[in-house]
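Q: Here's the letter readout for the chains.
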Amino acid sequence: EAQVTQNPRYLITVTGKKLTVTCSQNMNHEYMSWYRQDPGLGLRQIYYSMNVEVTDKGDVPEGYKVSRKEKRNFPLILESPSPNQTSLYFCASSFRAYNEQFFGPGTRLTVL
Amino acid sequence: GQQLNQNPQSMFIQEGEDVSMNCTSSSIFNTWLWYKQDPGEGPVLLIALYKAGELTSNGRLTAQFGITRKDSFLNISASIPSDVGIYFCAGFVSNFGNEKLTFGTGTRLTIIP
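From first to last, the protein sequence lines are chains D and E. So the first sequence is numbered by this note's numbering: it starts at 131 and just counts up by one. So the second sequence is numbered by this note's numbering: it starts at -7 and just counts up by one.
Bound conformation, chain E alone:
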């Protein structure tokens, strides 16, 4: 089955730094979603993107739906300790009435004290 490639796989940053990560696919998606998973919890939605080229912010987070519809980007500005976790992208496409959501491999964010 298809999986989305996320880069980087892991990041080690200092508090206050900005973070950038991306998600790429060989297929086109109609919707891109970004989720965050805190340790020991299930993922929680951060941002949803519904149109190619769309740029959406949620506080310090900004995500973009790539023009080609095959990629998406997430930026976090001025990172804080609670940003630690695993970030997942997810792409949605509807084929003949079937609604398929595919998740990425995840980017693990660690903040170095």
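So that you can see chain D by itself, here it is in the shape it has in the complex:
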């Protein structure tokens, strides 16, 4: 089944404790992206990747890192999480940015 998987689905952590949210797709998509969703602000892009080893900042990259060492995986890293990073995070993939993006199920992160 074609899908985008994210792990974990829910995470509660404390300020400053490094964490990684994994994202994997099995559709051989070149384009992958991370978004955060906050009430009233819609979906805001954090980082995107157009291919392996090619990543670029989205609209809200501060406090986040990503890597794209393999085509299928695009982990999101929070080196030192802060409470303002409490949010719902979505990973998505597509062949190109203007094609249909397939979204993962979301990761709800709470930073205390």
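Quick look at which bits of chain D chain E covers, simulated, 3 or more residues with Cβ under 8 Å:
#	segment
1	157 to 167
2	172 to 185
3	212 to 226
4	233 to 242
No lab work stands behind these hints, which were simulated from the structure alone. Since the structure is predicted, the reported quantities are computational estimates derived from the model, not experimental observations. We put the CB at the ideal spot given by N, CA and C, even for glycine.
Since chain D is already given, all that's left is putting chain E on it; use the hints.
A: Frame of chain D; chain E shown alone:
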């Protein structure tokens, strides 16, 4: 960073009513996309628009790519309970090889029993 403005932010309608929403930007886009997010799920693509002036339908949904390329519209006819959710527009532009997709702030649709 840029965000697209969607209006209205929320809608409360009765089943059977028609729905109209729009998305506006200060910048030009080459592609407009409309997504729907069901509660507890990730967004799913409804309609993609690739040319200014284009009008495209998907069942009861109709979307238009504005002539100015700075706006887009989505209409839903004869709403049903499964239309409940958040609708997002997204605009795409390519700058010097970078492919940037920007999402709107969303329109939350609620159907009043």
